[in-house]
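Engineer: Could you put together the complete structure from these sequences and hints?
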Amino acid sequence: MAKAKPVEIGEIKFDKKSDALNFMKDMLNKYAPEEKVDENDSKFLSSAILKHPEFEEKIGVGIKHFFVRRADYGTKCFWLERVDGTVARFSYKYCVDC
Amino acid sequence: MSLSQLQEWLVSDAGIKDKLDGLRIWSAGLSFGANTLELDETQPTHDWQKLLFAASILAESNERSCQEYALMIAQSAVCYSDEPIFKDAGGLVLSRLSNYRTIELAKTKELIVDQLSERVGVIEQLLWTKRRLNSEIPINSHHSLSGNRFQVNLWEELANADWLSATAPTAAGKTFIILNWLLTQFSNGKCHSCVFVAPTRALVSEIEKQLNDLKFDHDLKELKVTSLPLKELAESETPFISVFTQERLHIFLNASKSPHKFDIAIIDEAQKVSDERRGVILQDALERVVRANPDCRVVFLSPHSQNPEDLLQDAPSAANRAVVPSTSSTVIQNLLVAEQVPRQTTQWTLSLSDGQGNLEKLGGFSLLDRPTTIKKKMAFIALALGKNSSGTLIYVNRADDAERIAALIYEGLDSSEFSEVVDSELAELSESCKKIIHPKYQLVPIVKRGVAFHYGNMPSIVREEIERLFTSGKIRYLVSTSTLIEGVNLACKTIIVRGPKKGIGKEMSPQDFWNLAGRAGRWGADFNGNIVCVDVSKTDVWPSGLPQKTAYPIKRETDSVVQEYNELSSYLERRMEMKTADLDPKLEHVAAYLMSWQYREGSLKDAPPIKKIDLESANQIEQLIKPMLDGITVLPEIIDANPGISIVALQRLLNYFREYPGEPEELLPLPPEDDDSVDQFVFIFDVINLTLAPVFAPETRVLPCALTTWDWMRGKTLGQMILARIKRAKNKKNDASDSEIPYPKLIRDTMASVEEIARFYAPKYLGAYLSVLRQFFHEKECDSLFPSDLSYDLFLEFGVSTKTLLSLIGLGLSRTSAVELGDFYGRSDMSENEVLLRLNAREWELHDLPPLVKREINKLIETKINEGKLPRG
Numbered sequence: 001m002a003k004a005k006p007v008e009i010g011e012i013k014f015d016k017k018s019d020a021l022n023f024m025k026d027m028l029n030k031y032a033p034e035e036k037v038d039e040n041d042s043k044f045l046s047s048a049i050l051k052h053p054e055f056e057e058k059i060g061v062g063i064k065h066f067f068v069r070r071a072d073y074g075t076k077c078f079w080l081e082r083v084d085g086t087v088a089r090f091s092y093k094y095c096v097d098c
Numbered sequence: 001m002s003l004s005q006l007q008e009w010l011v012s013d014a015g016i017k018d019k020l021d022g023l024r025i026w027s028a029g030l031s032f033g034a035n036t037l038e039l040d041e042t043q044p045t046h047d048w049q050k051l052l053f054a055a056s057i058l059a060e061s062n063e064r065s066c067q068e069y070a071l072m073i074a075q076s077a078v079c080y081s082d083e084p085i086f087k088d089a090g091g092l093v094l095s096r097l098s099n100y101r102t103i104e105l106a107k108t109k110e111l112i113v114d115q116l117s118e119r120v121g122v123i124e125q126l127l128w129t130k131r132r133l134n135s136e137i138p139i140n141s142h143h144s145l146s147g148n149r150f151q152v153n154l155w156e157e158l159a160n161a162d163w164l165s166a167t168a169p170t171a172a173g174k175t176f177i178i179l180n181w182l183l184t185q186f187s188n189g190k191c192h193s194c195v196f197v198a199p200t201r202a203l204v205s206e207i208e209k210q211l212n213d214l215k216f217d218h219d220l221k222e223l224k225v226t227s228l229p230l231k232e233l234a235e236s237e238t239p240f241i242s243v244f245t246q247e248r249l250h251i252f253l254n255a256s257k258s259p260h261k262f263d264i265a266i267i268d269e270a271q272k273v274s275d276e277r278r279g280v281i282l283q284d285a286l287e288r289v290v291r292a293n294p295d296c297r298v299v300f301l302s303p304h305s306q307n308p309e310d311l312l313q314d315a316p317s318a319a320n321r322a323v324v325p326s327t328s329s330t331v332i333q334n335l336l337v338a339e340q341v342p343r344q345t346t347q348w349t350l351s352l353s354d355g356q357g358n359l360e361k362l363g364g365f366s367l368l369d370r371p372t373t374i375k376k377k378m379a380f381i382a383l384a385l386g387k388n389s390s391g392t393l394i395y396v397n398r399a400d401d402a403e404r405i406a407a408l409i410y411e412g413l414d415s416s417e418f419s420e421v422v423d424s425e426l427a428e429l430s431e432s433c434k435k436i437i438h439p440k441y442q443l444v445p446i447v448k449r450g451v452a453f454h455y456g457n458m459p460s461i462v463r464e465e466i467e468r469l470f471t472s473g474k475i476r477y478l479v480s481t482s483t484l485i486e487g488v489n490l491a492c493k494t495i496i497v498r499g500p501k502k503g504i505g506k507e508m509s510p511q512d513f514w515n516l517a518g519r520a521g522r523w524g525a526d527f528n529g530n531i532v533c534v535d536v537s538k539t540d541v542w543p544s545g546l547p548q549k550t551a552y553p554i555k556r557e558t559d560s561v562v563q564e565y566n567e568l569s570s571y572l573e574r575r576m577e578m579k580t581a582d583l584d585p586k587l588e589h590v591a592a593y594l595m596s597w598q599y600r601e602g603s604l605k606d607a608p609p610i611k612k613i614d615l616e617s618a619n620q621i622e623q624l625i626k627p628m629l630d631g632i633t634v635l636p637e638i639i640d641a642n643p644g645i646s647i648v649a650l651q652r653l654l655n656y657f658r659e660y661p662g663e664p665e666e667l668l669p670l671p672p673e674d675d676d677s678v679d680q681f682v683f684i685f686d687v688i689n690l691t692l693a694p695v696f697a698p699e700t701r702v703l704p705c706a707l708t709t710w711d712w713m714r715g716k717t718l719g720q721m722i723l724a725r726i727k728r729a730k731n732k733k734n735d736a737s738d739s740e741i742p743y744p745k746l747i748r749d750t751m752a753s754v755e756e757i758a759r760f761y762a763p764k765y766l767g768a769y770l771s772v773l774r775q776f777f778h779e780k781e782c783d784s785l786f787p788s789d790l791s792y793d794l795f796l797e798f799g800v801s802t803k804t805l806l807s808l809i810g811l812g813l814s815r816t817s818a819v820e821l822g823d824f825y826g827r828s829d830m831s832e833n834e835v836l837l838r839l840n841a842r843e844w845e846l847h848d849l850p851p852l853v854k855r856e857i858n859k860l861i862e863t864k865i866n867e868g869k870l871p872r873g
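In the order they appear, the protein sequences are chains A and B.
Under the UniProt record's numbering, think of the first position of the first sequence as 1, with each following residue one higher.
Under the UniProt record's numbering, think of the first position of the second sequence as 1, with each following residue one higher.
By construction, these hints were calculated from the structure, which means they are not laboratory data.
Model, not experiment: these values are computed from the prediction.
The C-beta atom is built at its ideal place from N, Cα and C for all residues, glycine as well.
Check each hint, because a few of them may be wrong.
Taking beta-carbon pairs under 8 Å as the criterion, some of the chain A residues facing chain B (in silico) [what the hints assert, rightly or not]:
(1) A32
(2) P33
(3) E35
(4) D72
(5) G74
(6) T86
Structural biologist: Here it is in C-alpha cells:
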C-alpha cells in the first residue's frame, strides 16, 4: 500500500489528501448559499486556487472576494468574484487532486 | 331582605342550592336524548312551581351565576317537565332573560305551544310587550331584531363610542350584532370604508359571506364587500367593506402611495395581539390604520377576556371609550367527565363537574367493542354519546389523528343503516374531494355516512362545505384539530376531548380550553352543550386536571417582550453581528417593530410598549437601537410596509444587491411560465435566507419550497400538486407499488406546504425582497427595467398569476373554483365584469367540473343577480 502523501496549502500542512478535502468540505458547508467567505478562509482559498489546473483562467484580472453559491442539482460550490465584477466557480477538489 | 340578598340566598347552601344542583344533574343526563345513557332507576321529582318562582327572581339579577341558574331551570321546565303550564312558565322566564331564540327553538320542537304571550294574564302580557320592546334592536326603518341583554347593551354603546372593546363567548352573538351595526353605518352614510380584520382566511371568508347575505336586509345590495387587497379598491369612489387578515391589510395599505384612510376598523379575535409573530403584525397594522386616520372608529371583539379595557389604551385622548362585557349565558354548558368502570373496558360512566372539583354521576354507557387503542376509545365514545343527535365534535391534536378517528367512526356506524342511497349533498362533497384533492383522500368514502374531519390546511371550498353540512346536521360526526380555536365560528352540540393540546406538543391554556368548550351548545339550535372530557383521572393525559374556567388575559406580544428587558437588550446588543440562522423569531419581530418606530419617529418614547416601562430601561433600549440605525438607506415606506422584518435585515438585503457582481435584471424573479423560473426562485430564497430570515432554511429545503411556490403561483390545482408529489415519491422508491406509498401523509404534507410556504412565508418575504429590489433599481437609474405588472405578493397570496383568475376570485369564487375554470379561458387579462358575463353565458355547465365548484358558480350568479349586476332570467 502506498504511503499517504502529505499536502501543504498556504500555511496549513495536511497529513493526507483526504484531510485537506475534508477541511475544505467543512469550510464550504459553513457558508450558506450567496454568503461571502470571511477573511481567514479567503486567505486559505487564495493559496488553494493556485493549485487549480486552470488557475490562471479562474483568477483572470484578479480576485475581489470568494463566496458560496449553488451549482448543479442544488449543490453548493465556491465561487470567486473578480475585480471587474465577473464571477467564476471552481471545484475545491481540483485544488487538491492535481 | 333586598332583591340581591334574596338572589344570593337562593343560590346558597342555606337556600335551595341542593334542589338547583339536583335539577341540573337530572337535566344534563337527559340532554343526550333517550336511550343514550343508562340512567338510575329512581328518577327524582321536582317542585316545578317553587323552582320556576326562584328562576323568575334569579332572572332579574345581573350576576352570571344567578342568570345561569335561571336559564337552567327555565330550559329544564320547557324540555323535561310534564305539564304545559310549567313549560309556559319556563318560556316566560326565558323572555325575562331576553332569550327569544331559545323560545323560538322550543316552539319549533313543539315543546311550547305557539302564542305563549296570549295565554298569560293581562299584567304579564303588558310586561312581555315591554320586555320585548326593550330588547328590540332597530336595524333599519322596517326591520328589527330581538337581542339578548349583551347584544342590546352592545348596540347602545356602539351609538356613542369611538373606541369600543366587547368581550363575550362564542354563543353570545356579538359578531352578528357588529355586522348589522356596521351595515347601518353604511346605510346612514356615516361610513365610506371599513376594514374588518380576522386572524384566519377561514374566518375572513365566513365574515365576507355573512356580510354579503346581510347587506340585502339593509338595502345595500350594491355595497362592495371584498377580501381582495387590490389597489383599485382604495382609489375608487364607491363605499366598501374589506375583510382582511392582518397580512392582507398590510398588502392593501402598501398598495397605494399613502395608506388608505378607513372610517371604521373592527378587530375580531383581538386577544390574538398576544400571538408571537402575528400578534405584532396585527398591532402594527392597526397602528398604521390609526396613523392614516386618527378619527377612525375602532371596535375590538374578543372571547371572554379578563381585561378588555386594555385594548383601548392606545385610543386618542379625545376618543369616547366603552367596554362591553357579557355577563349572561345563552346556552347551558355541561362540563362532563367520561371514565371507564374499573375492570370493564367497554363499560363507561358519565359525570357532571360542578367546576369546583366535585363530580356527580349522570349515568352509564357502553362501547361497541374493546377500545384497544386511544383512537378507538375516542371513536367508540363518540359513537356511543352521539348516536341520537347530530353535532358531535371530537377534538384531536393532529391532522392524521383526525383522519384515523373519523375512519374508525365510519366503520363503527351500523352499515345496515347506510344503503346504496347516499344523501345528495354528501355524495357531491365526496365526488368533489375526489376531483379537487385525490381519489384516495380519506374523506371520499367516509363522508358518505355523515362523518368528516377538519383541519387548517384543507382547501377552503371543501372545508367550508364540511362546516355547512355539519351545521345543517347532515354530517353528524366531525373530528377536528385546533383550527377550531384559531377562529372558525363552528358550533356543535357535544365536544369530546382527551388531553387537548394546541397544535403539536404545545399545552393548551385553560383559556383556550374554554374558548374551545364555548363552541358546545349552538344558541337557537340546542338547549345546552356538552363538553365531555375523557380519562381525566390520568395525570399524564390531563397534567393540570380539568381546566378551571378563566378568562383570557389580553397582553400584547410587544408588551410581553419589552417587559423581559434583559433578554431583549442582550439580543439587541448582539443583533448587528448575527447571522440570520441565529435570529430568535420571538425577539426579532418585536425588535423589528421597535427599530422601525424609532426610525420613523426619531425616538421610542411614544411607542405603546415603551410607555409602560421605566424611563431608564426605555432610554437603554433606545441607545441600543441607535447605532443600528446609522447608515440605514432603506426607504422609510419599505420599512413600514414590511412589519416583522427588521431594518437591519432589509438593509443587509440592499447591501447584498449593491455588491452583487452581475446585472440588476439577474435579481428579478421570472414569471412562472419561464423555464428558468424555479432556479431563479431557488436563488432568491437563498438570498432571503442569507439576509432577511432563515425561513426557507436549511438549504436543502430551498428547492422543495421553490417548487411549491412556483406550482402554486402558476395556478396548479391542489390535485395536480398532490399527483406530482406522489409521482416523485414513487420515483424515489424505484417505482414502489401502490401499497408502499403513504397517500394520506403525502396529501396532508402537500396541503401543509401550500399553506405555510406558498401562502405565508413566500408572499411575505418575496414582497420585502421585491420592494428593496425596486429601490435598488431606482438607485441604478434603471426603473424602467422593473416589471410593473407582476404583483407577486398578490399572486402568491391568492395562488394565481393572471388577472383573469384574480378577477374570478375577486367576484367571490374560491381559488379552487377559479383555477378549475381558468383552464377553459384563453385570455389572461379579463376584468371582473368580463368574467361575470362569461359565467352568465353558462358554457361552464358543459365542462367536467367538481359539483362543489358548479354549486359555487351558481350561487355567485344568483348573488350577482340579486345585487343587480346581472339581469334576471
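Engineer: Among the hints numbered above, which are violated by the structure, and what are their numbers in rising order?
Structural biologist: Checked against the structure, the only hint that fails is number 4, while the rest are satisfied.
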